[in-house]
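Listed below are the residues making up each chain.
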Amino acid sequence: MSENKGLYGIWLAVLGIAIVVGLITAVKLFSQGHGLFNANDVLIWTLPLGVYIYLALASSGLTLLAAIPLVFGVRKYEPFAKRLVFLAIATLVGAFVSIGLELGSVFHMIYIMLSPNFSSPIWWMGAIYSVELAVLLVKFWKMHTGDWHSGFSKFLGTASFILALAAPLMIGSVFGITESRVTYFGPVMSIYCLLMAFLSGTALFILYSLVVNKVTGNGVPAELYDEVALIFTYAAGVVAVFTVLKYAIESATVVPEFLVYRQFEHAFGTVGVFHTEVLLGLFLPFVLLLIRSVRKAAGGKIVASALILIGTLLMHMEILLAGQSHPVGPKAEQFPGFISYFPSIWEILVFVFALAIMLLLYTLGERYLKLTEAPE
Amino acid sequence: MPRYAMVIDLQRCVGCGACSIACRNENNVPEGIYWSNKITETVGTFPNVRYHYIPTLCNHCEYAPCVRGCPTKAMHKLENGITMHDPKKCIGCKYCEFNCPYGVIYFNWEAPHKFWRDKRVEIKDGTASPSELVKEVGGKAVPYYNPERDATLPGIRPKGVVEKCTFCDHRVNLGELPRCVEACPADARIFGDISDPKSDISALLGKFRPFRLREQIGTNPHVFYIRGYNPAAYQPTKGGV
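So the sequences go chain by chain: A and B.
Residue numbering for the first sequence is 1 to 376, as defined by the numbering used here.
Residue numbering for the second sequence is 377 to 617, as defined by the numbering used here.
Calculated from the structure, these hints are not laboratory results.
Worth double-checking, as some hints may not be accurate.
Stated by the list, open to error - Below, in silico cross-link-like pairs of lysine-lysine (DSBU-like), each with a Cα-Cα straight-line distance of 35 angstroms or less:
1) Lys28/A to Lys614/B
2) Lys495/B to Lys516/B
3) Lys28/A to Lys511/B
4) Lys583/B to Lys28/A
Unchecked claim - Output of the computed footprint for chain A on chain B, the stretches with three or more beta carbons under 8 angstroms from beta carbons of chain A:
5) 411 to 421
6) 470 to 478
7) 573 to 580
All C-beta atoms in this analysis are idealised placements derived from N, C-alpha and C, irrespective of residue type, glycine included.
Based on the provided sequences and hints, a complete structural model is requested.
Laid out in structure tokens, this is it:
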């Protein structure tokens, strides 16, 4: 017990230090500017934006998973519901930290409300995620106070589900309506983001729950996790098929932009013809999950979900970077034909800050908010 | 209400870059940022090579992706067709820059005109520091600061926001030409109202078949290029045999 207390203290201290460093990073960014990032006028969006997409999508995935008990009434999953909603909130807060530090003039955010542009997918993305956060907070409060099944509480669950469906589609359309970058263009990005959201949200939930179970000895029946692991396997399968199709189309086309794109789409290297992150972060865990004994073992679930969590981040980063690796139009006069990238220490600290805030919320929520309670 | 557009005559353009230098001075453009720029290309194998030079600037597209995508309407269209930017509303999301098919929008990654803020002197007791020089000549941020730019846009855009060509709207409002048009020694730039069939640019667009950059994506850019320059000659043959 005292050993656990000691570890808990160390954990909080580590998070505290990370948050202090994150606050220093925020001050530094808003006083010196985003020249501290290894971004430029060709490679415009880098790690902080990738982290935002990753966490925001994972949050949507958690909300979608929560809809199984809260919207579709599968009551045996109710012991997961409160934790899922809480994780969705905390993960979304982490996403907001990352996007907040990515923006150049966060103090002008008031114009999002005063001067909204309804034709902008960025506006809709911001609006939907803001409303989703508010809805999730109220929903969580309702659940915390024992109101799971009132009309209003159910409405909140349904609303959060619809918002969690819409938000990834909107993130995808931020890229999908970009005429200037054909490799992003089209509805495929929206569908991809929605599938990735569900996959990463499920992975995050399984990994987090099993780690917490190990540490705290939580009493949710193990067979329920086996069922979630099966859903997780299906999700991984769908994303794997979609990814294969995406790469098949990309590698078969002779549209000039794709020919250029193909030169740059190996940010994390390849193993044979496969992208490393896809092979190790999607196909490998999918194959592992197909093996029944691995899927049923806690260790198997942890390894598969951890691989997918890392894989989905790298897959988002690769898509983000590859589409921006070469200059558009006259920018080729000032920049080389290919921009290489490794995040600066400040970008890494933004990532650390977002994660630290998210993990602190997870930790405090787990300790004080009875996340595994369910209605009678 | 006029609809402004520009024609660039590539046969007249000599690629001197006066447009870009004039633009920098007129709009107090910081280093690393190019409201007026160029696309150059060398094609072929020596001795059969050719060189293309295409001056570029914001295309003030009718269906501007930057305007459509801006979440706060910081990037917006004026009635006269100019694509304008309001730094006060800009949240620095850079989506306009990401979304621009022409690579003409830039972001202020740090406080602009870093060189002129430097307090260090090159030779102690011998030369002034850049910041002292700015102070001495009464400039604002740069010694060559143009206060006229302040009329419709902050003369110096702060860090954390984007910036781009405005067709020198502050000059156009006064009935003057954009500075790049004024400065062109070869009169290769023609500016005017495309909705007026009697304007010079309407006449040129009727006379010469223009092209525009990336027309196929449907943005309807309002910078038109006419006449290519190529002095090369070749020996006539019968079918190249």
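Status of the hints after comparison with the structure:
no., hint, verdict
1, Lys28/A to Lys614/B, "violated (70 angstroms)"
2, Lys495/B to Lys516/B, "holds (15 angstroms)"
3, Lys28/A to Lys511/B, "holds (27 angstroms)"
4, Lys583/B to Lys28/A, "violated (56 angstroms)"
5, 411 to 421, "holds (count 4)"
6, 470 to 478, "holds (count 8)"
7, 573 to 580, "violated (count 0)"
The earlier numbered hints that this structure contradicts are 1, 4, 7.
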